[in-house]
Amino acid sequence: MDLLAQVLINGVLLGGLYAVMALGLALVWGVLNIVNLAHGAFIMLGAYLAWHLYTYLGIDPFLGLPLTAIVMFCVGYMLQRGLLNLVVRAPMFNTLLITFGLEVVLTYLAQLAFSADFRTINPPYAGNSIALGPLVVPLARLMAFGVAVVLTVGVWLFLLHTKLGRAIRATAQNLVAARLYGVEPRHLYAVTFGIGIGLAGAAGCLYGTVSQINPYIGATLTAKCFAISIIGGLDNPLGVLVGGLVLGVIESLTVLYIGATFGDVASFGVLVLVLIVRPSGLLGKTA
Amino acid sequence: MACSILRTSGAVFFATAVTLFGAPAFAQDIVLGASVQLTGPVANTGRYYKDAYEFAVDKINAAGGVKVGDTRRKLVLKLYDNQSDVNLSVRQYTQLVSQDKVNLLLGPFASNFALADSAVSEKYQIPMVEGGGASDQIFARKFKYIFGTLAPASDYFASTIDMLKQLSPEPKTVALLYADDAFDVSVAKGTRPLLEKAGLKTVIDERYTSNASDFNSLLSQIKSADADAVLVAGHETEILNFVRQAKSLAVAPKMYSFTVGVPSADFRKALGKDADYAFGMTAWLPSASLKDRWFGDAVQFATAYKAKYGYDPDYHAASGAADVEALAQAMENAGSVDPQKVRDAIAKLNFPSLYGTIAFTEDGQINLAQTVIQVQADKVVAIFGGKGFVEKPKYPMPAWNAR
Amino acid sequence: MTALRLGFVIVVAAVLAALPLFGSDVIIQFGINALLLAVLAQSWNIIGGYTGYASFGNSVFYGLGSYGVAIAMVQWNLPFAVGMIFGVALAVVFAFLLGVPVLRLKGHYFAIATLGLAQVMSAIVSNVSVAGQNIGLVLPPLNNDRLFYELSLVLLIVATLTVFWLTRSRFGFGLIAIRENEEGAAVMGVNTTLYKVLAFALSGAITALAGGIHAYWITFLDPDSAFDISLNVKMIIMAVFGGPGTVFGPVLGAFVLSAISEILSSKVTNVAGLFFGVVVVAAVVLMPRGVADVVRQFRKSGWRYFAENLKAHRI
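Residue numbers (the working numbering), protein chains in the order written: chain A, 1 to 287; chain B, 288 to 690; chain C, 691 to 1005.
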């Protein structure tokens, strides 16, 4: 019984991390209709940024998180403005192709700049945990979970209650409608992509404190983020949170009851099931 | 329209054909060819081989090169980056042999690469000495041109299990975790009968997905099954995650041991103090008793290597350097660079090196015992080799909050 | 196709077929690889380019084809040809079993649903003892690259003829109708489910053959290398780069990209990947409809072609 409870705790905390990783991908996908294959690579860059801040300037990864997110926002804004805006009206495959190319470029640049060495962001409290009777709650994961909830709700409120957020939501429906908000579309696209990348950067900080970083983690993370976005749905950040939690819990339970090689199989099974039963995600509007 | 597209494709095909013809190296030099992982997910370990090959080649050249018959000839290294792609590495080895006309081959890193690439050396009958693939399968094919300087995968945990029997309090239960790739499955397969023979009870025997980043469920199971000893066969990335998550879940078995990572400087750097107490194994430690013709001994090799590349060499690097030495020695013994003659000379090799005595079995693999090592205060310490303890192990591992 | 064009196609095919007579070993190996990738891009073209369903599951067909050959040859001591048939059979069965539920999904959703298939198959195969579990299978080596080259070329010709047939047959028009407007196609009397599953199976069968040839050529396979999702990404990239939904685009895309990446990896070896990424990014910006379109239009509009593309797709 303790084991089951412990594994459930692990799953929920893992799910929080998953959610924050996928948040940016779902936003960009839902609003701009760009399936960003380089999303994982941006998480990787965020993690390296946080690592440098921590290692060379001694800035705690959780304090460095806003800074990382802002820097990554600027990177994303400029990328959309300077590059991706050039192809947004091209056929759907092309955005897939260009973000794939970006992923390759970022990965190789990271390898040249940071080498293939493994890095970890290891503040003294990273391994601490809170004991609840026989159960253990890892502190860093709990903090990451808290940040995930704050960010998700923050993005949700931003989209619902600010002028810019409403313009972004309108864009997701219809570009012409967005113009009614008086925001220039080129700027709007860039802001949206920037927010997506900024969230990836924030996720990178959290990822670096609980796992290890190397230039090649991107592709796997992108695949995971895909699954989460689909399970949760694209039109609501809260859906992504649910998607992350569902996936985290299911993976953990699968490892416990079926076997450690089946974690990914199970998450994919859920994905297909959701697709067939509710194609717009668990919290998505039914078509 | 079809016309012009086809014309373009034809032109592309032939343009490539022309570009791929490179200029051959100087006839006097002996060219050693290799394709290793300088980029891509395996680059972290692959680059050790580049450094080791270059280091050994430079050293041998500084000593006047290789004496073949009556002439002294320099070694030249022709190296490609296979981007961690097996198919590309096969093509690059073919290119090395048929286009660049290299004299002899050095191996890639990792068993799956060695498996595929050894087919090239076999086909062109050019001997390859590889120091990066330990899987028993590479040598089970009865190929005549492949030689390996890593100890067999199935024996990796043998010395560790011998040690378990002599620890006190003696561990009773064991958890065995392994990644789902050829090498680690070979390790697990070899380990199970050893555990049984040692009378240890295996409470968890679980395979996990390569590149897994989340070990929380498995760790909780280890804690719940109360395993005394945990043996993990995997990759360095997974092992880093495993140790960090063990700490955050406060899982502290009496000991844990890992097939890779522990000997490398990178591992200790990434984990800092948390690397302490981790057991591992290595077939090589820089010891002054390992005499070497070119480097003096293994300690001098390690010191010079660190001075040049800025990190401590582990067994991968030593194995790579030994590969170059094996080829050099074999050419001198054969008095020729003829691949056939060198191949026969390699099979008969028996000489002391910085890596240990280089002598190959009938199958072409080396036979070296694994020394158990442990990280103690940021240093790798030899704990158990052959029959008895070299140094006192830090055992049992204390709880994480009592360190 | 006029007689002149047909003649040209035959000449190019003949020159390619004769390449092993004067090409070096490296060229032949490069050729095998490029031809097999072209086959993969071409077979993906059937389901992705013509039917409009971006499949990420084609690497499963490739893996099944590889395992078909390996299991038949290693475990049952059957000849290579039987292995190829076995592989195709596995792929077709898989296409039908999975195609029926998954092809109901549209657009991105289909792509995502197929995205995990390779991983699932890899996990399943690593528990099947006849497939060698995680250790994989080692095939008997056959040192005859010329044979592999000619086999790959024949397969590419077959695949291209199949696609060519699609552009003139009722079946092909049905697929294009599905791509353009699926509801409309159904209204016009196209049995969309049947057509889609058949296209999926056709694409799968050709992919499986390529996998079979590759397995025998490389002599070793394990679940990770057989069910490799990055190979699937590669075939999409190549088809899209060349021009999806055209007869020769995917072939051209595969040749051009293989050539670029091969030259880079032998010339500038460790920054090859970086250049490759830059080429892909630049290609999307400058020629969004693929190389095939550049070849077609460039004569007409010259360098303005690129500027026009830029203007057409940016906001």
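In case anyone wonders, no lab produced these hints; they're calculated from the structure. Computed from a predicted model, the values in this text were never measured in an experiment. Mixed in with the good hints, there may be bad ones.
[As the list claims (entries may be wrong)] Keeping only pairs whose Cα atoms sit at most 25 Å apart, straight-line, the calculated DSS-like set for lysine-lysine is:
#1 388/B - 560/B
#2 666/B - 560/B
#3 957/C - 388/B
#4 796/C - 361/B
#5 488/B - 578/B
#6 628/B - 354/B
#7 556/B - 578/B
#8 679/B - 556/B
#9 365/B - 957/C
Against the structure, the hints come out as follows:
{"no.": "1", "hint": "388/B - 560/B", "result": "violated, 49 Å"}
{"no.": "2", "hint": "666/B - 560/B", "result": "holds, 10 Å"}
{"no.": "3", "hint": "957/C - 388/B", "result": "holds, 16 Å"}
{"no.": "4", "hint": "796/C - 361/B", "result": "violated, 63 Å"}
{"no.": "5", "hint": "488/B - 578/B", "result": "violated, 41 Å"}
{"no.": "6", "hint": "628/B - 354/B", "result": "holds, 15 Å"}
{"no.": "7", "hint": "556/B - 578/B", "result": "violated, 29 Å"}
{"no.": "8", "hint": "679/B - 556/B", "result": "holds, 23 Å"}
{"no.": "9", "hint": "365/B - 957/C", "result": "holds, 12 Å"}
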